[in-house]
Amino acid sequence: MGRYVARRLLQMIPVFIGTTLLIFLMMYALPGDPVRALYGEQSVDPSQIAAIKAEYGLDKPLWQQYVNYLAGLPQGDFGTQIASRRPVAEVISEAFPVTVRLTIIAFVFTVLVGVSLGILSGMRAGKKTDTGVLVLTLALISVPSFVLGFLFQWLFAMQLGWTTPTVQDSMNFSQLFLPAVVLASLSLAYVARLTRTSIAENLRADYMRTAVAKGLPRRRIISMHLMRNSMIPVVTFLGIDIGNLMTGAIVTEGIFNVQGIGNLVYQALSRREGATVVGIVTVMVLIYLFVNLIVDLLYAVLDPRIRYA
Amino acid sequence: MPELASKTDTAVAAQAATTTDNVLATDAGPAPGKPRSLWSDAWYDLRHNWMFLLSTGLILLLLVVAAVPDLFISGDVSPRDGDLTKHYLQKPELGHVFSAEWLGYDHQGRSIYARLLHGTRASILVGVMVTVAVTLLGGLVGLISGYFGGWVDSVMSRITDVFFGIPFLLGAMVVLNTFSERSVPVVSLSLAVLGWTSIARVMRGSVITVKQADYVTAAKALGAGTGRILFKHILPNAVAPVIVVATIALGGYITAEATLSFLGIGLTDSISWGQDISAGKDYLRTAQYVLFFPAAMLSLTVLAFLMFGDAVRNALDPKSR
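Note that the protein sequences, when read in sequence, are chains U and R.
Under UniProt numbering, read the first sequence as residues 1 to 309, first letter to last.
Under UniProt numbering, read the second sequence as residues 1 to 321, first letter to last.
Worth flagging that the hints you see were computed from the coordinates, not collected in a lab.
Note that the structure is a prediction, hence the values are computed from the model and not measured.
Where a beta carbon is used, it is the ideal one built from N, C-alpha and C, also for glycine.
Any given hint might turn out to be false.
[Unchecked claim] Distance ranges between label pairs, derived from CB positions:
no., chain 1, residue 1, chain 2, residue 2, range
1, U, P74, R, Y283, 44 to 52 Å
2, R, S40, U, W162, 48 to 56 Å
3, R, E181, U, Q48, 26 to 34 Å
4, R, S154, U, S84, 37 to 45 Å
5, R, L54, U, G215, 44 to 52 Å
6, U, Q48, R, D153, 50 to 58 Å
7, U, R228, R, H107, 50 to 58 Å
[What the hints assert, rightly or not] One side of the interface only, derived from the structure: several residues of chain R facing chain U at Cβ under 10 Å:
no., residue
8, D161
9, F163
10, P167
11, A256
12, P294
13, M307
14, D310
[To be verified] Counterexamples of contact, computed for chain U against chain R with all Cβ distances above 12 Å:
no., residue
15, K60
16, L73
17, G76
18, R124
19, Q153
20, A213
21, R218
22, N244
Sequences and hints are given; from them, build the entire structure.
Written as structure tokens, this is what we have:
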């Protein structure tokens, strides 16, 4: 187990370097110049621009900038946001808790509702409940989340008046609930479908017949035999999905005016702030890699046939 | 994924496939006794599936709209030029079917119905182009790394991991931000560069299962070259799961394009439903139809492709029957 984790951590390094390098190159291949953009339309002394560039190391060749960036990471140095002259790490750590909250609510909602709907329809495959869930998931997948966001905003805020159209306090759990439901809708539909297929398939498995034949109580058969075996593909999906939820938050945050990472990325991209964008992607890639490791370790819990040497 | 997990998975899948195949060969279909391939089984299945027939009808209609949008509107209506003084946010006339005023006018006095029709082409083109590009690129990578294994596989799989690790939407935003003019091919290729990895993984897994089959060994023993084995023996037998994943993903690419256009970093030279939805959001309180109709059209299109993909999956995947 320990050796497996160590090996996986080592394997992460090339993937991490590759991913950040790719984003780094994409960002700095941009035609715009963030330092020049600081001054807007004013005329500036070129030596002043050169001085600022030298201060942040932007005058060095690209490979050297990247090496410097990697070297700074272990100390939590993500570079400097040029417009505000603040460390990128500080800017990200302000916005991050909001997005993490939004993602966590969306994730919990996805798991609870998605898995329940999947169990409900999987146990009654071919019946009316199953068709109902199928239609619901089809609808949730085909309506893009930004459209759903506006529909909810119109219905729950403007028509019914249950809430405000936009979020006033980004750290308030109850205000984040509506954006989180919108964010969760797509994943929820996928989780429900995956759970349904998995359950419907495993219901026919030999071990289920054996469990019934042994006279085990129904509750035990479902929770210990059926659920444990059916959850493996769902857990895999949920692991990958955390990353998707965090990027999906970019759109949802925009609609509901939540002051999180999405807002930050959007502004940074339009201002061509390479350091901020690269920093955010770096954090997201790190989260993605670690969640995947956890998912792989969870397999062993769910399926005892899997052992890690 | 750990070695053992993938091995048991393949074993289970193979077992499930053979048992269902046997059942089907005797039970289902019009001509018992006649051996039928996976493809003819699938075709038989699809012809009797209402979801497939409905979605195919819808997709054909959308394709005609994409090809000749003016066919569906009476009179000569420009989707780009509006008359602000006459038509500013004019309400829909739901009785005037297929006319310019049917679904109302937007904030620039342009016919919403005409814009719906003219936006179809870009959406469908992006969806289809991304799907084709992703299938070709991912399919090739998966085929090569699955068949050759060893260090080729290791290198290709790490490259796949790198691209898979980049969040799709965020990556697309970064790539598209570098272009000031974003045409359909530019948007499609950018999405494809980030989206090929899942196809590559599916193809690789499928090829690894197929290459252990007896007929591949037989072909090798008879002296068939690598190219012949790959394209005549392995590819036709390994491609089914890839087609399933690709068809289901098509609707998702249409959504991705609309989302990017909504954010203002999508298409610049075409009419796009995503842009129209973005414009309509400012009138959500007063004139909901400006947002509602393009949103409904987009959802309907995605739904059609989604149902199509679902039907194809059910037909091609014996496990889900």
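### Query
Taking 50 to 58 Å as the hint, is the beta-carbon distance of Q48 (chain U) and D153 (chain R) inside that range?
Check passed, 53 Å falls within 50 to 58 Å.
### Message
Less than 10 Å between beta-carbons is the criterion; does A256 (chain R) satisfy it with respect to chain U?
### Response
At about 9 Å, which falls below the 10 Å cut-off, the nearest Cβ of chain U leaves the hint on A256 (chain R) intact, so it holds.
#### Entry: Distance rule for A213 (chain U), whose beta carbon must clear each one in chain R by more than 12 Å
With a cut-off of 12 Å, A213 (chain U) remains clear of chain R, as the shortest Cβ separation is near 20 Å.
### Interface hint status, M307 (chain R) versus chain U (Cβ within 10 Å)
holds, 7 Å
### Task
Evaluate the condition: distance from the CB of G76 (chain U) to the nearest CB of chain R exceeds 12 Å.
holds, 21 Å
### Range hint 37 to 45 Å (beta carbons of S154 (chain R) and S84 (chain U)) holds or violated
Holds, at about 43 Å.
### Separation of R218 (chain U) from chain R, once the least beta-carbon distance is taken, above 12 Å
At about 25 Å from chain R, R218 (chain U) clears the 12 Å cut-off, so the statement holds.
### Task
Determine whether the Cβ-Cβ distance between S40 (chain R) and W162 (chain U) falls within the hinted range of 48 to 56 Å.
The hinted range 48 to 56 Å holds for S40 (chain R) and W162 (chain U), with Cβ atoms some 54 Å apart.
### Query
L73 (chain U): least C-beta distance to chain R exceeds 12 Å?
holds, 16 Å
### Task
Identify whether the interface hint at P294 (chain R) stands, where standing means a beta carbon of chain U within less than 10 Å of its own.
holds, 9 Å
### Task
Go through the hint on D310 (chain R) and say holds or violated, using the shortest Cβ distance to chain U against 10 Å.
Hint holds; D310 (chain R) Cβ to chain U Cβ min 8 Å, cut 10 Å.
### Query
Close enough to count: is the Cβ of P167 (chain R) nearer than 10 Å to one in chain U?
Holds, about 4 Å.
Of the numbered hints given earlier, the model fails hints 19, 22; all others are met.
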